Structure formats: C-alpha cells, structure tokens
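> First to last, the protein sequences are chains E and H.
Using the numbering used here, the first residue of the first sequence is number 1, and each one after it goes up by one.
Using the numbering used here, the first residue of the second sequence is number 489, and each one after it goes up by one.
Since the hints were made in silico from the structure, they are not lab data.
There's no promise every hint is true.
Derived, one-sided and incomplete: chain H residues facing chain E with beta-carbon distance under 10 Å [said to hold, decoys possible]: (1) D516; (2) T590; (3) E606; (4) S620; (5) K662; (6) T859.
Here are the simulated PhoX-like cross-link-like pairs (lysine-lysine), alpha carbons at most 25 Å apart as the crow flies [stated by the list, open to error]: (7) H:K715 with H:K773; (8) H:K914 with E:K191; (9) E:K227 with H:K510; (10) H:K792 with E:K464; (11) H:K839 with E:K24; (12) E:K87 with H:K535; (13) H:K535 with E:K350; (14) E:K293 with E:K305; (15) E:K479 with H:K771; (16) H:K523 with E:K350; (17) E:K29 with H:K737; (18) H:K499 with E:K350; (19) E:K191 with E:K227; (20) H:K510 with E:K350; (21) H:K890 with E:K314; (22) H:K716 with H:K643; (23) E:K24 with H:K855; (24) H:K792 with E:K479; (25) H:K716 with H:K737; (26) E:K293 with H:K523; (27) E:K24 with H:K914; (28) H:K662 with H:K644; (29) H:K889 with E:K305; (30) H:K918 with E:K24; (31) H:K839 with H:K917; (32) E:K293 with E:K350.
Quick caveat: nothing in here was measured; it's all calculated off a predicted structure.
Quick reminder that beta carbons are idealized off the backbone N, C-alpha and C, glycines included.
Below are the chains, spelled out letter by letter.
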Amino acid sequence: MKHQTNLIFDLPQTGENKNRILQKCDVIKPNFPEFYGEDLLRQEDLDIPNLSEIQVLRHYTNLSAKNYGVENGPYPLGSCTMKYNPKVNENMANLPGFKNTHPLQPVETVQGNLTLLYNLEQQLNAILGMDHFTFQPSAGAHGELTGIMMIKAFHEANGNLERTVMLIPDSAHGTNPASAAMAEFEIREIKSNASGLVDVEDLKQKIDDKVAGIMLTNPNTLGLFEKDVKEITGLVHAAGGLCYYDGANANAILMQTRPGDMGFDVVHLNVHKTFGTPHGGGGPGAGPVGIKKILEPFLPKPVVKKIDNANQPKYVLDYDRPQSIGKVRAFTGSFSVYIKTYAYILAYGKQGLAEVSEAAVANARYLLERVRDSYHVPYQEPAMHEFIITAAWQKEKYGVITTDIAKRLIDYGYHPPTVYFPLIVQEAMMVEPTDTETLEGLEGLADAFNSIAEEAAENPDLLKNAPHDMPITRPDETKAARNPILKA
Amino acid sequence: MSGYIPISREKRAELLESVGLKLENLFDVIPDEIKIKDVNFSGLNAKGLSEQEIIAQLTNLAERNQRVDQYDSYLGAGFYDHYSPAVIDHIINRQEFLTSYTPYQAEMSQGTLQAIFEWQSYICRLTGLDVSNSSIYDGASAAAEALLLVCRQTKKSKVWISEGLNPEYLATIKTYFHAAGLEVEVGALNEYGTAAGTYPAGDDYAGYLIQSPNFFGIVEDMRELVKKAEQNQALSVVSCDLISLAMFKSPGEVGVDIACGEAQPLGIPLNFGGPAVGFLAAKQKLMRKMPGRIAGQTTDTEGKIAYVLTLQAREQHIRREKATSNICTNQALLATAATIYLALNGSAGLKEVAEQSAAKAIYLHGKLIQTGLFEAVYDKPFFREFAVKLKHGGSLDLLNKKLLEHRIIGGLALSDEIWLLAVTEKKSKKAMDDFVALVSNLIRDENVLGD
Numbered sequence: 001m002k003h004q005t006n007l008i009f010d011l012p013q014t015g016e017n018k019n020r021i022l023q024k025c026d027v028i029k030p031n032f033p034e035f036y037g038e039d040l041l042r043q044e045d046l047d048i049p050n051l052s053e054i055q056v057l058r059h060y061t062n063l064s065a066k067n068y069g070v071e072n073g074p075y076p077l078g079s080c081t082m083k084y085n086p087k088v089n090e091n092m093a094n095l096p097g098f099k100n101t102h103p104l105q106p107v108e109t110v111q112g113n114l115t116l117l118y119n120l121e122q123q124l125n126a127i128l129g130m131d132h133f134t135f136q137p138s139a140g141a142h143g144e145l146t147g148i149m150m151i152k153a154f155h156e157a158n159g160n161l162e163r164t165v166m167l168i169p170d171s172a173h174g175t176n177p178a179s180a181a182m183a184e185f186e187i188r189e190i191k192s193n194a195s196g197l198v199d200v201e202d203l204k205q206k207i208d209d210k211v212a213g214i215m216l217t218n219p220n221t222l223g224l225f226e227k228d229v230k231e232i233t234g235l236v237h238a239a240g241g242l243c244y245y246d247g248a249n250a251n252a253i254l255m256q257t258r259p260g261d262m263g264f265d266v267v268h269l270n271v272h273k274t275f276g277t278p279h280g281g282g283g284p285g286a287g288p289v290g291i292k293k294i295l296e297p298f299l300p301k302p303v304v305k306k307i308d309n310a311n312q313p314k315y316v317l318d319y320d321r322p323q324s325i326g327k328v329r330a331f332t333g334s335f336s337v338y339i340k341t342y343a344y345i346l347a348y349g350k351q352g353l354a355e356v357s358e359a360a361v362a363n364a365r366y367l368l369e370r371v372r373d374s375y376h377v378p379y380q381e382p383a384m385h386e387f388i389i390t391a392a393w394q395k396e397k398y399g400v401i402t403t404d405i406a407k408r409l410i411d412y413g414y415h416p417p418t419v420y421f422p423l424i425v426q427e428a429m430m431v432e433p434t435d436t437e438t439l440e441g442l443e444g445l446a447d448a449f450n451s452i453a454e455e456a457a458e459n460p461d462l463l464k465n466a467p468h469d470m471p472i473t474r475p476d477e478t479k480a481a482r483n484p485i486l487k488a
Numbered sequence: 489m490s491g492y493i494p495i496s497r498e499k500r501a502e503l504l505e506s507v508g509l510k511l512e513n514l515f516d517v518i519p520d521e522i523k524i525k526d527v528n529f530s531g532l533n534a535k536g537l538s539e540q541e542i543i544a545q546l547t548n549l550a551e552r553n554q555r556v557d558q559y560d561s562y563l564g565a566g567f568y569d570h571y572s573p574a575v576i577d578h579i580i581n582r583q584e585f586l587t588s589y590t591p592y593q594a595e596m597s598q599g600t601l602q603a604i605f606e607w608q609s610y611i612c613r614l615t616g617l618d619v620s621n622s623s624i625y626d627g628a629s630a631a632a633e634a635l636l637l638v639c640r641q642t643k644k645s646k647v648w649i650s651e652g653l654n655p656e657y658l659a660t661i662k663t664y665f666h667a668a669g670l671e672v673e674v675g676a677l678n679e680y681g682t683a684a685g686t687y688p689a690g691d692d693y694a695g696y697l698i699q700s701p702n703f704f705g706i707v708e709d710m711r712e713l714v715k716k717a718e719q720n721q722a723l724s725v726v727s728c729d730l731i732s733l734a735m736f737k738s739p740g741e742v743g744v745d746i747a748c749g750e751a752q753p754l755g756i757p758l759n760f761g762g763p764a765v766g767f768l769a770a771k772q773k774l775m776r777k778m779p780g781r782i783a784g785q786t787t788d789t790e791g792k793i794a795y796v797l798t799l800q801a802r803e804q805h806i807r808r809e810k811a812t813s814n815i816c817t818n819q820a821l822l823a824t825a826a827t828i829y830l831a832l833n834g835s836a837g838l839k840e841v842a843e844q845s846a847a848k849a850i851y852l853h854g855k856l857i858q859t860g861l862f863e864a865v866y867d868k869p870f871f872r873e874f875a876v877k878l879k880h881g882g883s884l885d886l887l888n889k890k891l892l893e894h895r896i897i898g899g900l901a902l903s904d905e906i907w908l909l910a911v912t913e914k915k916s917k918k919a920m921d922d923f924v925a926l927v928s929n930l931i932r933d934e935n936v937l938g939d
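Using the sequences provided together with the hints, build the complete structure.
This is the structure we're talking about:
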C-alpha cells in the first residue's frame, strides 16, 4: 500500500454514465429553461468525474488501507479515549426503524426514538449526577459552547450582566478558552501548581464578583485527579459563579465519583470517548450536556418529555420554553450516535461501568510503571486514565525530540500518543491506553517505548528519520501552510 | 470481566502487583466525601446486558417507530430522503475510516486526509468557490459559523438574514449571535416568496444571507444579493443545497463570497435528524479566517505527494481564545460518505437526481392545484419542495392525522392552512397519484378538515 493513490479527479473516465443507480424517471420532465428561466440555470455541467462503481470502490478501499484504526492495534492518543467501538452498536444504529425516521415526523410516529432519548437521559443523569441532559450539541466543543451559553443566560436572567470572566486552568484543552471566547467571556487563566493541580491560592486571588464561572477538567489534562475539587467548586459558588465540567476525561471516573457530586452545575460528555462510539476519522461524535435544576429553563429546545396522560403520546418534544437559549443546531441532535451510546451503557450497567474506569486507570498506571525508567515523568501524583511522560532526557542527551519518538512508534506498528499537549509541559507525550487495551497491546507498547529510549541513545537518526515504512515519510507542514493547496 | 474489557479483574490485580501497585488503591486519590456510595440509580441497569438482550431491546424500540421506507412521506424542510447507493455503507463501515480519529499523525492517516482533501475539492467544484473546510456539525451551525466569519472579516457586528432561511437555522444563528454579543436582523420575503427587493441598504451590515432554494423551495436569484453586499462593503452568504447545484448556477459563479449548507441529501440517512454534515466554502481572501479543520496537499521528505491538516494557526489547540472558532471535531466520516456519493453519481448522476426531484415536485404541485382544493402560496419556480395553501380553510393537522391512518406522513404544516411538501427522485408517480386522490377524497367526501 505504499504506492500513491491518485486523486479521484485524475481517474480516467472510460464509459458513459448510464445511471445504473436510479430508476427511470416516471414523470415527464418539464422544459426546465422555460420553468426556471435561463438566468437561474447552470449553463455547463458540473466539473466532477463520471466513474464506474469498481473505480470508486478501489479508490476508497485503497485509501482506507493508509489509515490506522482501533482494530489495527493500540491507539493511546491521550485525551481522545480511543477505545474499542462495539460492532453490535453499529448494527443497532443501522436498524431501518431508526435510520429511516425523519426529524419532523409527528411525535406519535417516533415513540421508539423518543423513548430511547428519554431513557438515555435517565442513564446519563445517574452516571454523571445531573438533573437533565440536552442532546443537541454535536461534539465536545459544541457541548462546551452550549454549556457556556447556558451559564451566560443564567447570569443574564439574574441581572448579573457584569459577570464577564471565565476562569480556566492553564492546563485546559484549547477548546475551553475558545468556547468561552465565542460567548464573549474574558478568560482569566488559573495557574497549575508544582504537583500539576489547580493552584487553589492562585484561584482565590483571581476570584471576584466579575466571575461567571470556572471550566475544569477532572482528572485534568495531566491525567491527575483534582482532589481539591470540592473546595474549588465551593469557592466559585460562594463568589456567585457556576462550575463547568469538561467531560473529556470522564472515562477515568465512571461510577467512582460524579461531577454532580463534585459540585459542577454543567457537564459535557464526549460519547465518542467515554461511551465507545466511533470517532470516524474526526467525527461524527456527540457532546450531550448535563445540567443541574437551576439551569433547566435555559436548555436548548426542544426537550424530550414524558407525559402520563392516556390520551396523548407518551413522549413528546417540548418547544414551549421561553427562557431557552434557543438552538445550537437543527433538530434534536446526532440521534444515531446516541443509539450507540445507549447500547454501550446497557452492555455495562452500573457495575460494568465501574470496571471500565478501573480498567482504564489500571492500564495507564501499569503502563506508566513499565516505562518510568526510560522517560522523564514530570508529575508524581498518581495518574488516572492517562499519564504524561516527556522526551526531556532524550532531547538533552541525544537531540531527540518528542516528534521523533512518536514517529518511531509508528514503525513499531502503534499509533503515537498525543504530543506537545498540555502546553505547560515541554516535549509532552500524553498516553491513554483505555479500558479496552489488551495485555499484548499494553506489553507491546511498553516494550516499544523502552526500546525506542534505547535506540535514542544508540542510533538517534533512526528516530529522526522515522517513520520508515509508511505510505509517506514526514510531510512538509511549513510548505503546506505557506503555499496552501486545498483542493484539486 | 465486563462488557468489552479484555483483561479480567484477577489479571488486572496481578499486573498492578507486578509493578508495586494495588487494585483496591487505584482510586484512593478521590476524596471520600465525593466517592460513589449509596445512590439512587434509577434509570441505570445494575448489571450489563448480553449482546442478544441489547439487540432485543433496541429492535423493540426501533419497531415502535413509523418509518419513511414503509410510509409514504412528504417531509423535507432541511432533511431529504434521497437514495443512498449501497457502496457508501460498505466503505464507511471499514474500520480504518470508522474507528480512526482526527488525522494528527499524517503518516498513518493518509486515507482520511486524502478523503477530506477530495471532499474539499468536490465542495469547491459544486459551489464554485475557492476554499472549503473539512466539514462542520450541520447546515445550521455552518450558517452560524459563516456569519461569524463575516463579522470577523468586516469587523462589523450586524448581519441581515432573509426569512427564506430554514427556521431551525435562523434559531441557531440567533443563539450563536446572542452569546457573541452580535446582532441579527431578519427581512421578510416579498410577495413572490423571494428575497428580491428586500435587502436593506446601509454600511453597518457585515453580511447578507439568503437560502437557495429557500425554505419554501423557491430558487433565489443571487445576483441582487452580491450587488447589495458589494455596495455596502459587506459579504454575501448563501445557504444552498448541493444537489440543486447540478441544475442551477453556483454561488461562486454569481460572485457570492461564502456558501454553506447541509450535505445530508448526499446519501446520508435521515437518522431522525442526525448526525448531519455541514459544509462551508469561501473565496480565497477568507481562507485564513475560516473555522474548522482544513486538509492541504504538500510533499514528504522524499518529494512524494502527502496530505496534512494545515493552516492550524487558526485553530483552538494553538490559538486558544484567539482561535477563529472552538471547533475541534468535524464530521469526517459523513463528509467521506457524501464524497463517495458524489463520486458514484458523477456529474451525470447528480444532474439526474436533481432533475428527477424537480420534475416530481413540479408534477405533484400541479396535481394538488388541479384538485381545486389548494392554491400556490408563491408564484415562483421551486426545486424539490413547495408550499401550498388550503383554498377553503381548515386544519392541516387534522388532515395529516387522517393521512397517517393511511400510512402516509403528510407535508409539514407551517400553519393551519399552509403545507410544505418535498419529494425526491425516490418518489413514484403512482405514490403521488394515490396521495393526491386520497387527499382529495378525505377533504371532499370525508370532510376531515372540519367546518
């Protein structure tokens, strides 16, 4: 698969397109130029190729062979929770009874869909310790924006227009400040202390009556549990702010502790991380947002409601919500992703989910211990579901940087960890093996990390020139940005 | 071991012990006061279900729905039931596309990167514009992001939107703009149901947005939009339908600055409204202000063609609060599905889909008017969707309810009397003939509209 795959636009067009796919039109086509007028109509055909089915299939099958997925092997991409995506969930999402329903059908014709969403909301409430969920947000960052909008609406409704500051730790995901900025909040950064946790003293100094809230990830992006979380949420609440939980790392805490009990008012989840729905090469995911009762009036509309009235459909969509922030996308959300989420939660139940977090944390802790002697470990607090190691030693001694180590891991057949994040750690590698990593995967990863550390000493060029056996060697990213070629 | 966890608890304990750790101490760092103890877990099953039980439960739920492949449906309004060729599912269910993530490591993600590059290319060819991003959540959020882009570029804080925009999109834009402290002005349609002659003058508008075909299915002439935007140092935005572009002039050809919309009609299942896949394309001058991921072509160290994520200096993971958007995830898999749809259909196939949809909509419209029970709401040419009005009043809700008994999901009732109906190439002449006959019969003979 090392050879280059032509662009689809460069494939030869060798046959007339007889339109094998569609049945023949059974009404008479009107004279379109007459009906629409020449001004509206395109004068030339679209410039897209007419190809045969086998050409298209081979093209994309060959492209797929240049990808690496969770079913190829370990994918320890920190903060992304690349766990196994159960196959049966795909089958369930493809059931025609779900797939062939239109979002604007009368509610009495989609009782199955609404029951599923209602039940899923109950499940998520229980797992996260919240009172309500909205399913509209289409991704984690979209959920952040939705949650932040609700916090803004809450303060507006209370007449607190001067609350314009969002507190965000310096270790946070980039989406946190970006989302808060989209809702016009001023970002006030909270420092991390030497242990890698939120510096509570710094927080105290930065809290004032302009604070609208705080956005926190727990465990944080260093993979460490913010054990002062109750004090932190207490401080923010006492100052009149609300607390936002970034659920990117929720896999670490499933059924061990709940954001609702930590004092959070808003939570988003990435179901493509925590609940094993596929990442799809970058989407579609889904980012449902959970809230405490005080924020209920501001939920996006519609909201799924259960009605106990024999004469009405049991589940309805409630649009009559005068204080709602409105909508963050069309319709009710990424429904088929939620089918997979629901099936995932059913497969585990309360006890099983507790084992998910246990396995996720155990795998990370074990892997960390296995590579601890080979790499600099910047923080000594116990790791949760992911951990940070760095290339600091290798850089100083052999001029080998994190990129080189990551690229060399590809030669070993593994997807590299997340690199150069969080930004507060130099040469960071963020490793998250997840709960579904196999024994051979864990041992293989550990062995690869350790032998790469040896190679760095013995033959640094081996790392600097990696990867050696992929469809491409390292791409020139500077050239790509300087002279952008963005289409064919 | 539970569910899909491959290592048993015993083995896990053993592994941890081998490195000096204990299973029972894993969560010691969580303070006792917030550890889960005795909580009411109503709604959550205590123990996991087997694969067979899951299939039984979900199949039961799915069967409680009435569906458009078993009922005759006339719903559209943003999501359309076009035919999805069999090949699409086979490719996008390949785990290499399905289970991978955002292509951070280009060397092991050339498949996704090239697929995104091809999506961008198709979107540019269809819209006639220079730059496309790798996709956005859906058509509504794409419109909101397009207008935020317009405000960034012009440094103005007010946009004008024609009421011909899908109301779901309008609601989304209003939500985004309220949060961002920006202003939305909505302009009513003219008596013909288009935006012609309704554009306000004034140099305080950052941009003007119309939808074409608009919410009532009417194909808009974009020339006035472009002219108005140029006169007022504003940008022009069109929320458009990709299938219609096989027949109609593209936004780029007319001079529009930004095109956005929903690519669901390109073979993506209805799925009760999601996931969806939005697109956003713009003129070259807006490239560095675009939101979302963008793939670019470059070369590797040996000079071979390679694809990478590029122009990342716009993005949240680099720029944090100064990013052009908070977008991280796109809709890569669905963008790939839509790309495969375009590849399979080609220009000839796409044109046939568009022409059949239009022909059938025109046929159905004519038949409904012929009954003498309906009149056209607007006298302008439409694409695959149109609005008709009950001539003698009554309640369309009652009519829709009655139709359901006959296994028909009627059009969308925009009011008691206005009905929005959509058809695609999938609709047969016979289904439409039967539908019109039944509607006529229900109204004339059974008096379902009431008095």
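> Taking the closest Cβ pair, is T859 (chain H) under 10 Å from chain E?
violated, 17 Å
> Grab the minimum C-beta distance from K662 (chain H) to chain E and call the hint holds if it beats 10 Å, violated otherwise.
Holds, about 6 Å.
> Is the hinted pair K499 (chain H) and K350 (chain E) satisfied, with a Cα-Cα distance of at most 25 Å?
holds, 21 Å
> Holds or violated: K523 (chain H) with K350 (chain E), Cα cutoff 25 Å?
holds, 14 Å
> Is the hinted pair K29 (chain E) and K737 (chain H) satisfied, with a Cα-Cα distance of at most 25 Å?
holds, 19 Å
> Run the distance test for K293 (chain E) versus K350 (chain E): straight-line Cα separation, threshold 25 Å.
holds, 23 Å
> Can you verify the interface hint for D516 (chain H): is its Cβ closer than 10 Å to any Cβ in chain E?
holds, 8 Å
> Would you mind confirming whether the straight-line C-alpha gap from K918 (chain H) to K24 (chain E) stays at or under 25 Å?
At roughly 14 Å apart (the allowed maximum being 25 Å), K24 (chain E) and K918 (chain H) satisfy the hint.
> Is the straight-line distance between the alpha-carbon of K293 (chain E) and that of K523 (chain H) 25 Å or less?
holds, 22 Å
> Decide if the proposed pair is consistent with the structure: K662 (chain H) and K644 (chain H), CA atoms, cutoff 25 Å inclusive.
holds, 16 Å
> So if I understand the rule, the pair passes when the alpha-carbon distance is 25 Å or less; does K890 (chain H) with K314 (chain E) pass?
Holds. K890 (chain H) to K314 (chain E) sits at ~20 Å (cutoff 25 Å).
> Take a quick look at whether K510 (chain H) and K350 (chain E) sit within 25 Å of each other, Cα to Cα.
holds, 22 Å
Checked against the numbered hints above, the structure violates hints 6, 8; every other hint is satisfied.
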